[in-house]
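There are 2 protein chains.
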Amino acid sequence: MKPWLESTLRELNLTGTMDRPDGFTRLGYSEEEVEAIEAFKKAAENLGLTAYQDQAGNAFARWEGKVDTVVMTGSHLDTVENGGGYDGVAGVLCGLGAVKQLKEGGYQPHHTIEVSCFASEESARFGVSTIGSKSVAGILDYSIEDVTDRHGVSIKEAVEGVGLEWNSLHQAEREDIKSFIELHIEQGTQIEDNGADVGIVRGVACPIRLKVHVEGMAGHTGTTPMGKRQDALVAASPLISFVSNEALALSNASSKPIVATVSTLEVKPNVMNVIPGTVEVGIDIRSVDDELKRRMAAMIKEKCALIEREFNGKIQVDTLVDNTSILLDEELTSRVEQAGKSLGYKTFKMDSGAGHDVMNMAVKCPSALLFIPCEKGISHHPREHSSLEDLSIGVNILAQMLRQEAGE
Amino acid sequence: MKPWLESTLRELNLTGTMDRPDGFTRLGYSEEEVEAIEAFKKAAENLGLTAYQDQAGNAFARWEGKVDTVVMTGSHLDTVENGGGYDGVAGVLCGLGAVKQLKEGGYQPHHTIEVSCFASEESARFGVSTIGSKSVAGILDYSIEDVTDRHGVSIKEAVEGVGLEWNSLHQAEREDIKSFIELHIEQGTQIEDNGADVGIVRGVACPIRLKVHVEGMAGHTGTTPMGKRQDALVAASPLISFVSNEALALSNASSKPIVATVSTLEVKPNVMNVIPGTVEVGIDIRSVDDELKRRMAAMIKEKCALIEREFNGKIQVDTLVDNTSILLDEELTSRVEQAGKSLGYKTFKMDSGAGHDVMNMAVKCPSALLFIPCEKGISHHPREHSSLEDLSIGVNILAQMLRQEAGE
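Heads up: the sequence lines are chains P and L, in that order. Taking the numbering used here, I'd label the letters of the first sequence as residues 1 to 408. Taking the numbering used here, I'd label the letters of the second sequence as residues 1 to 408.
Any given hint could be a false lead.
No farther apart than 35 Å at their CA atoms in a straight line, the calculated lysine-lysine pairs in the DSBU-like style are these [unchecked claim]:
{"no.": "1", "chain 1": "P", "residue 1": "K301", "chain 2": "L", "residue 2": "K256"}
{"no.": "2", "chain 1": "L", "residue 1": "K301", "chain 2": "L", "residue 2": "K314"}
{"no.": "3", "chain 1": "L", "residue 1": "K301", "chain 2": "P", "residue 2": "K211"}
{"no.": "4", "chain 1": "P", "residue 1": "K268", "chain 2": "L", "residue 2": "K178"}
With the Cβ distance kept under 7 Å, some of the chain L side facing chain P (calculated, not the full set) [stated by the list, open to error]:
{"no.": "5", "residue": "T15"}
{"no.": "6", "residue": "M18"}
{"no.": "7", "residue": "T223"}
A few chain L residues that don't get close to chain P, going by computed Cβ distances all over 10 Å [what the hints assert, rightly or not]:
{"no.": "8", "residue": "L102"}
{"no.": "9", "residue": "H170"}
{"no.": "10", "residue": "L233"}
{"no.": "11", "residue": "G353"}
The set of hints was computed from the structure by calculation and includes no laboratory data. Ideal Cβ positions, reconstructed from N, Cα and C, are used throughout, including at glycine.
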């Protein structure tokens, strides 16, 4: 299995080597994502599966059973800019690996098995995540069509640019799925910190995202005395350490963890001899404890109001996203845990700080999420890495689950 | 004079109205700058002057005297992005206005008079300022040829794009200039704060510019616990308030003012769900007191070292620019002051926090700088404004100076 995992990992990443200083850039609905999906279809066909794509650009590799109801596993192949080669890919790869293992063992599924590869999971391009699995779950919000990437290309244009029809995305909705199990890299170190082999995820912490707009006054850096400035960056700067310090304190004081990050910051005009006139700050807050998350958002809004009072300018806070966290199916999750234990692996029950396609699938059918470790928790980074050993463990647990769930 | 000033101001700004929400964008060596220079040549010819351009793209309007040595006044027509219509333009406009006044009064110059319009004064496009006047002064550093704007166009390509030859720029050097007087808007409020009509500038504060590179570690915002981060933006943020607070304190404690600004900040990867991995901060420090300026730079470097010790990452500080401040010609400056007083204006002796073409011309010949007020000190901004009254005062003083300097 390991040589196959190693070569298929490279194939899905469209690369001869996983050691790439700039990592991988396959944004949602880009030419690069399309190429990776083609590689997926080829790998699936090599295993004797039937590959097809739906109206949202999701790809599926189908192993026909005796009945049409589908047991599904899978993830995505798109990446952030200069991301790693395991986020998403690991789930698709291990899904195919599990099918390979079952086929080699002579297994015949009663329910149909599908390995899925959801389109545009990352929010890196448009600030909107999991467009493919939202379409499958029937929860796509069509009002996002005019949201643009940083080159001014709208979601609708990007979708149509890869040969799909924007108005047909909802036709990707499925009613035939019996259960869905996603495998993903942890993107953290809790599994390792707890001496376990895999993570069994109970809930997915969905984010609150804030955009803070600080409006000061541009002016010449050389001629505006220090006491006469409305520098938007100076006004915004205490917010950065506030978010970091308060999230740490709140997390330490609570039973469930919380994280909050000033992840984006745009200065205008951002030239050497002009005082920053406006600053836009993006803040990402996550916890499976929705109450805690909303408390953090409220504290940030209060802090902004406080800064505004001392600052001779304007600060506006917009809530871009406020999604309630998702609890996964208890019974299916418990069966994944049992499968792991029965194979001799040490499992660790945890929550996910990152959103995944499974959170949409959970709306449609019983769903579960299995984490495998990634080295030092590094993710969304060229140095992202999961060992072949850990990928094999994922294959073994998924194969056991598919065998069970697709049985009579 | 005022109706002429008003209409010529609009002509030089290539606009029907000065009230433009997005201001003016005429970057150095751009098509827009070329068009403004054409408007200058037309306005000069309408006054009976001979317009010509040199090898660096500078334009001159010549009023032949009995001898060839030149008394020059002028400034530039390029702007920052979304800048105002007075920075640079005021000096060119008042220079032409002074010639108009002298001509209408029947004056005949002994020395030749030229109004200059220097190319690419602003550093907004390439981070390099006053390319045209540096060429005239013979101090252009040819090693800048590969410096690019944010679209990847190099200075050399831009220069050649407007029909010039990069290797011929040095041929613009002049040896025939007797004296140079620049008029510019103040871009501050010292004239107004001191109840004066015009500013008589003794020295130009040239900047120290630092680039601080903060190298942390990118990671997923949802899965990296607060205590395990190397967030480059959190590390960099105390520097912003430090620069602002320390410059204010240092300025208050010193006899000469100092200003320091974190004017640029780039976050990478700058996406919502990734912890900032690297941050690049640009800092601009100015004072005519070079010692004070260098003390501020040293304090910033110390602070960076301190932050680095507490931060699990790397911080590097590069000095991009460290230019000694320029003292203008005492005698010529004193004659400008006398000219203002003799016309009944209240003059105020001051330093310039901004660089101007005059700082290069001062290398070549006795040079002086006259400031007229601009409303609320607003500059490099669409709301930049100088009144027709103040422009007329500038014209009167310049005319008096040209009459004096170009006399036998």
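A quick look at each hint next to the structure:
1. Straight-line distance between C-alpha atoms of P:K301 and L:K256 comes to about 40 Å, which puts the hinted pair past the 35 Å bound.
2. At most 35 Å may separate the alpha-carbon atoms for a hinted pair to count; L:K301 and L:K314 meet this at roughly 13 Å.
3. For the proposed pair L:K301 and P:K211, the alpha carbon gap of about 32 Å is at most 35 Å, so the pair holds.
4. Between the alpha carbons of P:K268 and L:K178 the distance comes to roughly 42 Å, so the proposed pair goes past 35 Å and is violated.
5. Because the beta carbon of L:T15 sits about 20 Å from the nearest beta carbon in chain P, more than 7 Å, this interface hint is broken.
6. Look at L:M18: its Cβ only gets to about 18 Å from chain P, farther than 7 Å, so that hint breaks.
7. A least Cβ separation of about 4 Å between L:T223 and chain P falls short of the 7 Å threshold, and the interface hint therefore holds.
8. Every CB of chain P is more than 10 Å from the CB of L:L102 (nearest about 30 Å), matching its label as outside the interface.
9. Distance check for L:H170 against chain P: the nearest CB is about 26 Å away, which clears 10 Å, and the non-interface claim stands.
10. Chain P draws L:L233 into its interface by the beta-carbon criterion, the shortest separation being 6 Å against a cut-off of 10 Å.
11. Here L:G353 does not stay apart from chain P, with its beta-carbon only about 3 Å from theirs, under the 10 Å limit.
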